[in-house]
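> Below, each chain spelled out in residue letters.
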Amino acid sequence: MSHPPVPTEPIFNPEDPEVPVPVRGTGDHGTWFTRHVRGIIIGLYVTAFVVLMLDLFYAKHSYFSEEDWFGFYGFYGFVGCVTLVLLAKLLRKAVMRSEDYWDA
Amino acid sequence: MLQHLPVLTIMVPMFAGLLVPLLARVHAGIVRPLTIGALGFSCFAAIHMLLHVQGGHPIEYAMGGWPIPTGIGYRVDGLNAMVLVMIAVIGLLTALWMRRSIEDELPAAARPGYHAVLLLACTGFLGITITADIFNLYVFLEIASITSYVLIAMGRRRQALYAGYSYLIVGSIGATFILLGIGHLYMRTGSLAMADILAQFQANPDLYGMSDVRMAFAFLVVGLAIKMALFPLHGWQPGAYTHAPSASSLFIAATSTKVSAYALYRIVFSVFGTEVLVSGLPPVRDALLAMACAAIVLGPLIAISQGDLKRLLAYSSVGQIGYIVLGLMLLDERGLTGGIIHFWNHAAAKGALFCVAGALVLRTGAARVDDLAGLGRRAPWTASAVTVAGCSMVGVPLTAGFLSKWYLATGALATDRLYVVPVLLASSGLTAVYVWRILQKVWFAPADVEPRVGAEVPWSMRLPTLVLAAACLVFGIAPWSVEFARDAIAALGIAP
Amino acid sequence: MPSFPPALVLSLGALLIPFLRGPLRKLYLLALPIVSFAALLATPQGSSFDYEAFGHTLTLMQVDKTSLLFGYVFHFAAFVGVLYALHVKDTTQQVSAVIYAGMALGAVFAGDLITFWLFWEGLAFSSVFLILARRQADSNRAAMHYLLVQIVSGLLLLVGIALYMHGHDGATAMARLTPSGSGHSIFNLDWAGPGVWLIFLGLGIKCAWPLLHSWVTVGYPAATATGAVFLSAFTTKCAVYALVRLFPGTEELIWIGVGMAGFPIFYAVIENDLRRVLCYSMINQIGFMVVGVGIGTELALNGAMAHAFCDIIFKGLLFMTMGAVLFRTGRMNGSDLGGLHRTMPWTAAFCAIGAASISAFPLFSAFISKSLIMIAAAREGYHLVWLVLLFAAAGVLEHAGIKIPFFAFFAHDSGLRPKEAPRNMLAAMAISGLACIGLGSFPDLLYRHLPYAIPDYALPYTWPHVIQQTQLLVWSALAVGTLMLLRFYPPELRSVNLDADWWYRKATRAFVAFGQGPLMRIFGWLSKAVHETIPTGLRYFARNPGGAVRLAFDRVALGWAGLFRGMPAVDAAQERLREDQARFAETTPGAAWPISTTVLYTAVVFLVFLLVVLA
Amino acid sequence: MSDVLRHLGTHYHYVIYIALMLIGLFAVLAKGNLIKKVIGLNVLQTAVFLFYISIGRKADGTAPVLWDQKPETIPYENPVPHVLMLTAIVVGVSITAVALALIIRIKRAYGTMEESEILVLDESDQQGSA
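Going line by line, the protein sequences match chains A, B, C and D.
Per the numbering used here: the first sequence = residues 1 to 104.
Per the numbering used here: the second sequence = residues 1 to 496.
Per the numbering used here: the third sequence = residues 1 to 615.
Per the numbering used here: the fourth sequence = residues 1 to 130.
It should be emphasised that the hints constitute simulated quantities derived from the structure, not laboratory data.
From the three backbone atoms N, C-alpha and C, an ideal C-beta is built for every residue, glycine too.
Take these hints with a grain of salt, some might be off.
Cβ-Cβ distance ranges computed for the label pairs, FRET-style [unchecked claim]:
id	chain 1	residue 1	chain 2	residue 2	range
1	D	K107	C	P194	45 to 53 angstroms
2	B	L418	C	Y72	37 to 45 angstroms
3	B	W381	D	R108	37 to 45 angstroms
4	B	I47	C	P44	44 to 52 angstroms
5	C	P345	A	Y45	22 to 30 angstroms
6	A	F49	C	R448	32 to 40 angstroms
7	C	L24	D	D125	50 to 58 angstroms
8	C	P194	B	T274	25 to 33 angstroms
9	A	G43	C	P455	36 to 44 angstroms
Quick partial rundown of chain C residues pointing at chain B, CB under 8 angstroms, derived from the structure [to be verified]:
id	residue
10	N140
11	F406
12	V605
13	L610
Looking at chain A on its own, in the form it has when it is part of the complex:
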C-alpha cells in the first residue's frame, strides 16, 4: 500500500478529460458588482446597524441569560468570525506544509 493518498491540489492535470482549455479574457469588463463595491460595503454596514437596532423592538424568549444582552447575536457572530479567522491563521502556521510533503 502506498502513501496516504492526499491529493494536494484539486486534481489538475492537462491529460484529464474533464479539463477544457480555458478561454482567457482580455481587459476588465466592469460589471455591476465591480462598479458597486463601495455601495455594497456601505450597505452591509448600514444593514448591520439596522438589525442591531431592531433588538430594541421585540420581546425575547430566552433560554440562556446572555441572550438578553443587547445585540448578543450580532456581537457573538462578529467575535466568533474574527476568532475563527485569526485562529485559522494560527492553525495554518501549524499545519501548512509544502505541496510535495506527502511525496517526500
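Add chains B, C and D to chain A, keeping to what the hints say.
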C-alpha cells in the same frame, strides 16, 4: 452401472492415463480427446453421485467383493461427493484450458506424457477422497504426490526442477509421517477400515488416552499439515506454484492442498471421531487453531508485496487453507459450513485466478502483476473474471467468499472464540489490499500505459476461466451451496 | 401498480444502461428515479419484502415516516444528480452513480441489520467508481484511501452485527426508533456489548467523525465534477439515518457532534480547494445532525432529520455549482479562480442561493432545520453545546456562505472567461435552488413529513428568531468584510477585488497537514500511525517475515550489548547488523525457503505436537 | 529406572526405528548435497518399514502360510504389515527414482548439486529477470 460408479470414477482416468503415452505413439491426435473424455466421465460420475447421496444415502463399495474390514472399501457421502465433484470439474477444466498453454510452455515430446501424468494425478486425488481405508488413502496420496512432483518439475525454467525436488523431499517426509501415524493406529486397533476404527473408538473412549493413539494422531496431523501447506509448513508451496507450468499451477493450486485438508476432515470425523479433539486431545485443537489463525493473517500479508502473480496467489492460498482448517477446528455446525463452502469457493476463485495467471504467461512470458495493467481495456472477459474471483477472495457479498467467511465468523461466535473474528477481519482487509492492487492494475491503469497483454486469449482458455468465475457468484447466491454443505455436515454426523 | 423496492428498481435498472444509446439512454436515466419514486409511493407504510437467504430473513423494505423522509430526499438527489450529469458519456460513471443511489435507498429501507449491511457495503463499492472515473494517478490513490476506509467501516459493522446477533439469539431487526431524550450512554445502552460498540464505530466512520473523516476530504475532492454531487448526497446521510434509527439519545453523540460542528471550520477557512472547503463544511453540518441525534428528544430528532433533508439539497447545489466551475475551467483552487460571475452569472446566482441556504438566512432552507436542533439543545440545557453550535453557525457563513461564492465568482479577476454551465447543469441547479427557497419559505412542506409534530415554540418564523438569526449572520459578514478591509486591502476601495485573496493565494502551493502544537501533534501522530507507520511496517515485515523477526531480535540483543560499546566483538556485531539491515531492503519478497528450513519447521512443529500429545 | 530399562528392552524396536528416523531427518536437514538428502529420505522410510514389520511380529511366530494346521493352533506372524510394506517399498522406490531423475536434470541445468549454490543461482536469476 451405478453401483460401480465409485470405482469407475477412479479407474477411468487411471487407465486413460496409462493408455495415453502408448496411444500417442500411434496417433498423437488422440491424446487430448482421450484425456477430456476420461475426465469428463469422472466429472459426470462425480456429479451423479453427489446428487444421489443428497439426503443421507451414502454409497458403499467393496473392492473386489471382499467384505469391508478385510478388503478395501470406498464410500461416498455428502462431504466427499462435493470434493470429488470439485476435483473432477477442475481436472476437466484444466484439460480444456491447457492446450494453448502447454503448446507454449512444454516441448512437443513431453505433451502426451504431461496428459498422462495429469490424469494419474487426478486419479490420486479422487482416490484419496473416495476411499474408506486409511492405508489406501496413503497409497493414493503417494500417487497424487509423485505425479504432482512431476507436474511441477516440468516448468520451463530451471527453478521448476528445484521447486519440484523441494516439494518431493518435504512432501515425502509428510507422507512418511502419515504412514507412521497409520502404523501406530493399526498397532492399537488392528484395523485399517475407517468405519471399523471409528467403531472401536466409540466403543472404548479410553483408547484416546493410549500413547500409541496419541502418537498416531500427532503423526497424521503433522503429515497432513505439510501436505496442505499449513503455516508454518508451507515452505515448499510458493516456489512450486510459481515455477510449475501454468496448467499444473492451475490444477494443483485448485485441488491439491484442499484434498489434504479433506483428508484431515476425514481423519478427524471418520477415523478418530470428533471426541479426539474435544475430550481426547484438546491441546492439538488449540495448536491447530493457532496455526490456522497465523496462516489466515500472514498468508495475505506476505502476498501483498509479491511482484509475481503466481507467487502472490500461492501465499494467498496459504491463507485460504487456514480458513478450511479453522472451519474444522471450530467443530460447530456453522463453522463447518463455512469451511466446507470454502472448499468450493477456493477452488473456483483460485482456479479462475490461476487461469488468468496462465493467460498472462502465454501473452507476456511471465506472470508479473504489473503486466496486468490495461487488461480491462484489452481483454474485458478475462478482466471481469479476475474481478469476480478477486471479490470472492475478499468476501464481498453475493460471492461464495462472503458465505464462507460469514459462516466461519458466526461459528467462531457460537463457540465463543471471539479472537477469531478480528483475525478474519484483518485477513479480509489484507486480502482486499492485494486484490485491489490487482484490480487497480486491471481496470484503472493510467491511460498512457500501453497494455502488455495483447488481445483476449483464445476461447479454449477463456471459457474455463469464465466458468470458474461464474461459479464464485453462483455458489454465493444459489441456496443449494449451503444445502450441500449442510448435507455434508449431516454425513459427518454433526446434527445441523 | 405492484410495488417493488426502489433500491432494486435503481440498481437493477442501472444494469440496462450500457445497452442503450444516445437520447434513449438519457431518457432512461431520467426515468429511472421517477419510476423508482412511483414504486416508493405505491408501497404502503410498514410493508416489507422478505427474502430468505443463508438462514436469515432479509427484510428489504420497511417503510415508516423516518425511512420515507430519507427515501424522498434520496430520490430527489438521484433525479437532480442524473439531470446534472446528463451530458456525461462515461458509462462507468452512469451505472455506478445509479447503483449508488439505489444502494443508499436500500440501506434506508432495510428492515434488518444484515440487509442494511449488504447495502452499506454496496454504497462503498459503487461509489468508489465515481472517484476512479477521473482516471488519474492521484485520484486513483485517493480512491484507494477512500475504499480502504469504507471497507474497514463495513467490516466493523459486519462484526458488530454478528456479535450483536450472537448476544441476542440471532435477532437482526433494526432497532425501532425510540425517542427517549438524552442521557443514554453507549456504556449503558440496554443492548450494550462489544457488538454495539463496533456498530457505533462503523457508522461513525461513514458519518465522518473527527479523526475518522479523512476519506471525505481526500475522496470527494478527487471525484469527477458530477461524481462529487452524488457522493455528497448519500453516504454520510445514510450514516446519519442509521444513527437516528439505532442510537437516538446517546449522549456521546452530542460531544462528537460538537467536535464535528466546531473543528473542521478552521480547516475550511484555510483550505484552498473549494470542493474540499465544501467537504469540511459538510462535516460541520453533519455535526449539527449528530448533536440532534445525541440529544434524542422528539424535537431534536426531527431537527436532525430535517437538517439532513435540507443539507442534501443545498450541499448538492453547492457541489453542482463548483462542479460546473470545474467542468468549465478545470480549476478548483480559490487562488486560481475569481471573477467568474462575468460569464457564468446563472451559476453564480445558484451558488449564492446555496450559500444563503447553508448559512441559514431566513427564507432559505437551513433556517428552518438548524433552528430545531438549536432550540432542542437550548431546551435540554446544553449551554456549552449551544454556544459552540452558534459559533459554528456563524462560521458556516464565513467559509461556505462567503468564501465559496466570493472566491469563485467575485474577488479578483482571474482572467478566466469560461462559458456558462451547460443547460442540463443549469436546470439541475435551478431545481435545487427552487427547492432550497421553497423549503425555507414554506417550512410546513417539510415539517408535515417529519415523524413527530413540531411544537409551537420551535416554529422558525417568529420575530425574535428571524431578527436574531439575521443579526448573527449580518454581523458575521461584517466581521469578515472588516477583516478584509483592515488587514488585507489597500485604502482604495476600487482595488478590493484585485487583492482580496492574498492570504488564500499563499495557500496555492500548500495544503493542510497535521503538525505542530500540542493538539496538532497528537492528531499528527495518530494520522501518521494510521497512514504511514502501520502500512510501512506491514510492508517491511511482509517482505521477509522471518528476516524481519530476526533483525528485530538482533537489534534488541545488540541494544543491550550497546553498554559494552568499544569492545571489538560488539562493534563488529553492530556493523554486521547494519549491513543486514541495509541488505534487507533488497530482499526478494517472500524468497524461497531452503528445504532445510521447511524440514526444520516440520521437526519443530512435530516436537511441539509430540509434547502436547504425550504430556 | 529399571522399569524404563526393561521397557526399552522389550521395545527395543522402537529405539531402533526412532534412531533411524532421526538419522534420516538429520541427513535431510543438515546435508546440502541433493543426493545425500535423498539418502536421508530413504533411511527415514526404512525406519518406517522396520517399524511396521516389528509390529506384526509374534513371539515364536511362523510364516502365515496355511498348511494343514488350523490357524488357531499355531502362532504366526501378522501378514498384513508385510503386505502393506510391499506397497510402501514400491512407493519409496518410485519416489527415489523421481528424485534421482530430478537431480540429474538439476545437475545439468545448474551445474551443481549443492542446495546453497542452487539458491544463490535462483536469486540471481530472479534479479536478472526483474
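> Now tell me if each hint is right for this structure.
To see whether the hints hold, each was checked on the structure:
1. In this structure the supplied range 45 to 53 angstroms is violated for K107 (chain D) paired with P194 (chain C), their Cβ-Cβ distance being about 60 angstroms.
2. At roughly 41 angstroms, the beta-carbon separation of L418 (chain B) and Y72 (chain C) lies within the given 37 to 45 angstroms, and the hint holds.
3. For W381 (chain B) and R108 (chain D), the hinted distance range of 37 to 45 angstroms is satisfied, since their beta carbons lie about 41 angstroms from each other.
4. In this structure, I47 (chain B) and P44 (chain C) meet the distance hint of 44 to 52 angstroms, their C-beta atoms being roughly 46 angstroms apart.
5. Hint check: P345 (chain C) to Y45 (chain A), Cβ distance near 26 angstroms, so the stated range 22 to 30 angstroms holds.
6. Here the CB-CB span from F49 (chain A) to R448 (chain C) is close to 39 angstroms, well matched to the stated 32 to 40 angstroms.
7. For L24 (chain C) paired with D125 (chain D), a C-beta distance near 57 angstroms keeps the hint of 50 to 58 angstroms intact.
8. Taken as a hint, the range 25 to 33 angstroms holds for the pair P194 (chain C) and T274 (chain B), whose Cβ atoms sit roughly 29 angstroms apart.
9. Separated by about 37 angstroms at the C-beta atoms, G43 (chain A) and P455 (chain C) satisfy the suggested range of 36 to 44 angstroms.
10. Evaluation of the N140 (chain C) hint against chain B yields a held restraint, the C-beta minimum of about 5 angstroms falling below 8 angstroms.
11. Annotation: F406 (chain C) was flagged as interfacial toward chain B, and the flag is violated, the nearest CB pair being 36 angstroms apart, outside 8 angstroms.
12. With its C-beta approaching chain B no nearer than about 6 angstroms, V605 (chain C) sits inside the 8 angstroms limit, and its interface hint holds.
13. Evaluation of the L610 (chain C) hint against chain B yields a held restraint, the C-beta minimum of about 6 angstroms falling below 8 angstroms.
Of the numbered hints listed earlier, those contradicted by the structure are 1, 11.
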